[in-house]
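Here the protein sequences line up with chains A and B, keeping their order.
Counting in the numbering used here, the first sequence runs from 1 upward without gaps.
Counting in the numbering used here, the second sequence runs from 1001 upward without gaps.
No wet-lab data here; the hints were simulated from the structure.
Going by beta-carbon spacing under 10 Å, a handful of chain A positions derived as facing chain B:
(1) Gly9
(2) Ser10
(3) Ile13
(4) Leu17
(5) Leu18
(6) Gly20
(7) Phe21
(8) Phe22
(9) Ile23
(10) Leu24
(11) Met25
(12) Ser26
(13) Tyr27
(14) Gln28
(15) Trp57
(16) Thr61
Since the model is a prediction, treat every value here as computed from it, not as a measurement.
Even glycine gets a Cβ: it sits at the ideal position worked out from N, Cα and C.
Spelled out from the first residue to the last, the chains are:
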Amino acid sequence: MEMFGRNAGSIAILAGLLLGFFILMSYQVNRTETVSAVEGTVHTLTSPAHRAVSAVWLTLTGTWQRYMGLVGASSQSSRMRERNAVLERENSALQEAARENARLRQLLGLRERIASPSLAGEVIGREISHGYQGLTVNRGSWDGAQRDSAVVAPNGALVGRVVQVTATSALVQTLTDPESAVGAKVVRSDARGVVHGVGGAILELAYVNSLEDVENGDLVVTSGDDGLYPAGIPIGRVNRVAPGAPVPDSPPVPLARGEGALFLEISLNPLVEVRQVDYVLLLRPLTNGE
Amino acid sequence: MRTLRWSLLLLALGLLQTFTSVIWSPLGYVDWLLIAVVYMALRGSFREAVILGAIAGLMQDGLSQEIVGLHGFAKTSIAAVIASFSSFLVVRGPLPEAVVTGLASLLESSIVIAWLVLLGRSYQVTGLSITGRAIATALATAAVWSVARWLHQRRKRRSRFK
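Required output: the full structure, derived from the provided sequences and hints.
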């Protein structure tokens, strides 16, 4: 009782509030309006904050969803990039396999065309220095490779000659080696000479008489005169013909072609780029009488 | 200033009550306004508690589509009951206050249902939802007071070092 006595004012407030609520509720029971004045006031007071919070919330959730979408897209993009890299590698491997297949078919066709026995091999090493240009082939004496065998590319063009044979490999001196020399002839005119390297990618056909008929584009093949290479293996095409150095005591200029010079200066483009050869055929070396 | 602070707090809690369920549906069971009412009833004066209960209840009525005055009546009554007991029974700490808030939630639901029955209105609340609401509110109270206590102690430790 003492407590109630001390808080008579508070009790009065409580009673007033409860009575007010009771009247308010009773007032609403039989009314049809769905929105009362109190509801309206509360909504009016809270709606700006409601809208603000809602906007913030929607912004946050929207940002979050976009962020998650970006994360998902990034992850998917990463997976796609990885997949793409794998596919590119596979594609590259397939293309390489197709190229290798084509080269091997070409080699097989060439082997069938060539009458003499031959041995197919793969280039496993390349050595191109100032003084020497050579290839290493994965065929050695155990496989039947022999020294002085002519080496041809899958397209049938001459690559060089085997100069050294080990048990499991053979060293090939290429046509472009300055020390290399091959008896050759121009197919069209049968002009004969010697093809040798000059240190670069081109060849030189030397010792062709200046009276011979040689023109740009003429095909040059092995003549077989050297006893090393079988005749008829394509070597290259003439890309430049010039009169050679004049012979001492010859008539003064102007000189007609063939006048005053013993040999022509002839450059050849080889039919095969020896640095890019992957597979070769090793032909059986010529013996006396062949 | 104190009234303004409490009014803003109630407004924030009312908004919190309507939004938390969007984030995680079980949070919709928590009666944040009741937590504030119980807090004030346990610590403030009887008059303050009753007025705060009335305002909080009215706000809840305004935000819900129920009869206006229903939660006002219930929360005012609860504030009065707890404030009366708090004069001779001191309740402090997350767990006791959580129990009191849970009981207050059960009492509020009982009062609301009783009024709805008396007014001839239908209601769609089950014992499970009432219990769930009481437990969720109690747990939220324990969590809020635990965090508040931790923050208070941290601040105290920092001020001691200064």
